[in-house]
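Each chain is listed here by its residues.
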Amino acid sequence: MADSDPPIIRLRGVTKVYGEGPTAFQALKGVDLDIAAGDFVAVMGPSGSGKSTTMNILGCLDVPTGGQFLFKGVHVERLDRDQRALLRRKYLGFVFQGFNLLARTSALENVELPLLYRGDPRKQRREAAMEALDKVGLKDWWDHTPGELSGGQQQRVAIARAIVTNPDVLLADEPTGNLDSERSIEIMEFLTELNKTSGITVLMVTHEPDMAAFAHTIVHFKDGLVERIEAGHKSGEAVA
Amino acid sequence: MFGTTFMLAIRSIFRHKLRSFLTTLGIIIGVAAVVAMVTLGKATTKAAQAQVASLGTNVLQIRPGQGFGRGGGGPRPPDFKEADVEAIARQVAGVKAVAPQAQSTATVIYQGANWSTTINGTTNAFFQVQPWPLVSGRTFSRNEEQAGNAVCIIGNTIRTNLFRGGEAVGDRIRVNGVSCDVIGVLSTRGQGGFGDQDDVIIMPIKQVQRRFTGNRDIRLMMVGVDPAYDSAQVQESIKQVLRERRRITGGKEDDFNIFDTAQISQTLTGITTLLTQIVTAVAAISLVVGGIGIMNIMLVSVTERTREIGIRLAIGAVASEVLLQFLMEAVVLSCLGGLVGLVVAQLVVIGLAPLMQVEFLFEPQINVIAFLVSALIGVVFGYFPAQRAAGLNPIDALRHE
Ligand SMILES: Nc1ncnc2c1ncn2[C@@H]1O[C@H](COP(=O)(O)OP(=O)(O)OP(=O)(O)O)[C@@H](O)[C@H]1O
Ligand SMILES: [Mg+2]
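Top line first, the protein sequences correspond to chains A and B.
With full-length UniProt numbering, letter number 43 in the first sequence gets 43, and the count goes up by one each step, no holes.
With full-length UniProt numbering, letter number 38 in the second sequence gets 38, and the count goes up by one each step, no holes.
Residues of chain A clear of chain B, computed beta-carbon distances all greater than 10 Å:
(1) THR15
(2) LYS123
(3) GLU227
Here are the simulated SDA-like pairs of lysine to any residue, each with C-alpha atoms no more than 25 Å apart in a straight line:
(4) A/LYS139 / B/ARG11
(5) B/LYS17 / A/ASN100
(6) B/LYS17 / A/LEU102
(7) A/LYS222 / A/GLU208
Source of the hints: derived by calculation from the structure; they are not laboratory data.
Yeah, the Cβ is synthetic: ideal placement off N, Cα and C, and Gly gets one too.
Based on the sequences and whatever the hints tell you, model everything.
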């Protein structure tokens, strides 16, 4: 990707303070970060360094206390609750450490959910959800509920749910945190594949260097600031 | 958005069947109670009115004496005579017909079967005063009436017991040894507050007076009042006529009483209506309790489903969609509860109506009202929990547990 492309995500002096008064805690102390469209980014750093806080802000789930967050050139920090919800609906997909699937709900219905909120007609929903399940290799498991699926399978359903809307950015906070290394590698390979073939920008928090190695770019956090940015080991072509 | 949230609500309800059932139980019971009570109340009122109507509407009953429970001692006032009947019929405006009555009891025999019953002597005016159609045969001819022939019209109980339900007209029965032609059979009136009304034989009053009572006294006059006239005024005129005929002057009290069936009708209706209202009020309270039950469970459900709400918000649901979903769940639940309650109410009415000796009836109005109220309860008691769900912060909700 050329340097002239505007970044899909741009953070400028982003701060986040939790709480008020004497118990207030500054989790982010002025984060500057640009992420290019189509990049595969791993976010690393010690516990409490502000990785999840940043991801929540990038995911429009939370607002920064100060600074600017531009998503596709839009000042997200100026949007209200519902406008952010619509941004999430349209451009973002989430994968969580704890899978966060709806219990007692079939894989298909879970994957369908974002389309339902988008107001797609039934048939179209079904087809898109089946296609997404097929991509994560769980087509034959469509009618199983989370309770009937293994952790790895649940995470794949969660990924299917995240990508079913064809989002621009996929945000994953420790997606392999609850999985063994074999399942983790499967997930990583899938995310790599997705990034390569669909051009989805992938942002992933991880503690494991092995997983981070799948990324093109690795962002290191420390004490609420970006410490350094390096190129991933398996990134093939070097990143600036 | 409406269709989507409706579907989400339906899914959520059927995914948690037990929870849904328990949530709606209060509504089911409340609606069933209200509808059953109101329906049974209406049925009872109707039955009571029908019973009173069997006395005839706009009918005055005139008896000697000062009325029920009054005027204990002293000589018994005299009964009426035929001349009194004629005087009232002729002199009082608004009187349709006056039926004299003389009663006796007798044993009736037909082909070896016998039956003890009431003999009611009257004239054809009896059938003008109150509606009591015949199922077969005819009423008295002018000749039979004037001569006091031995003819009779029998009640259905007599036909059942002596004729085993068969055709009776044209046959001859013996009444206290007097042989008597059956010329008609009365339609069934059924069990009333006055005993079995069909256990009766009607004969020309002259025959009854000659053969059974042995005098020309008339114990009771039934007066049919033209509905176009004011009943109170007609009563007053009758009173004046009778006072004059019985030579009651000045401040002396009447030695007869006039009883208006319309009054009992009103009293009875008043009582049953009041009872229905009280029971309905109690039932309505249970509906409100049911609504609070829904709110309770919905609130618990919001807490229990915090994570689910977080997920929905994270994947792009806006607050109003979450609000609508929860509100919809509450409304759909209470409407379902309402519908089930309506069905239960009909079953209760079907089950209880025979025991209460009333007819089954379907009251569309109360059913519609009860259903609308249950929907309203869903909206009112569902709103607070729904608002709470919609107000959740997505991150906090996701982190819940
Ligand atoms: N809702 C909150 N209220 C108060 N403090 C918070 C809240 N969320 C996070 N923090 C604090 O902010 C800091 C950064 O938290 P964050 O979750 O971003 O860390 P992290 O880098 O994701 O850590 P981990 O690797 O353990 O997940 C931590 O010290 C945490 O205690
Ligand atoms: Mg974290």
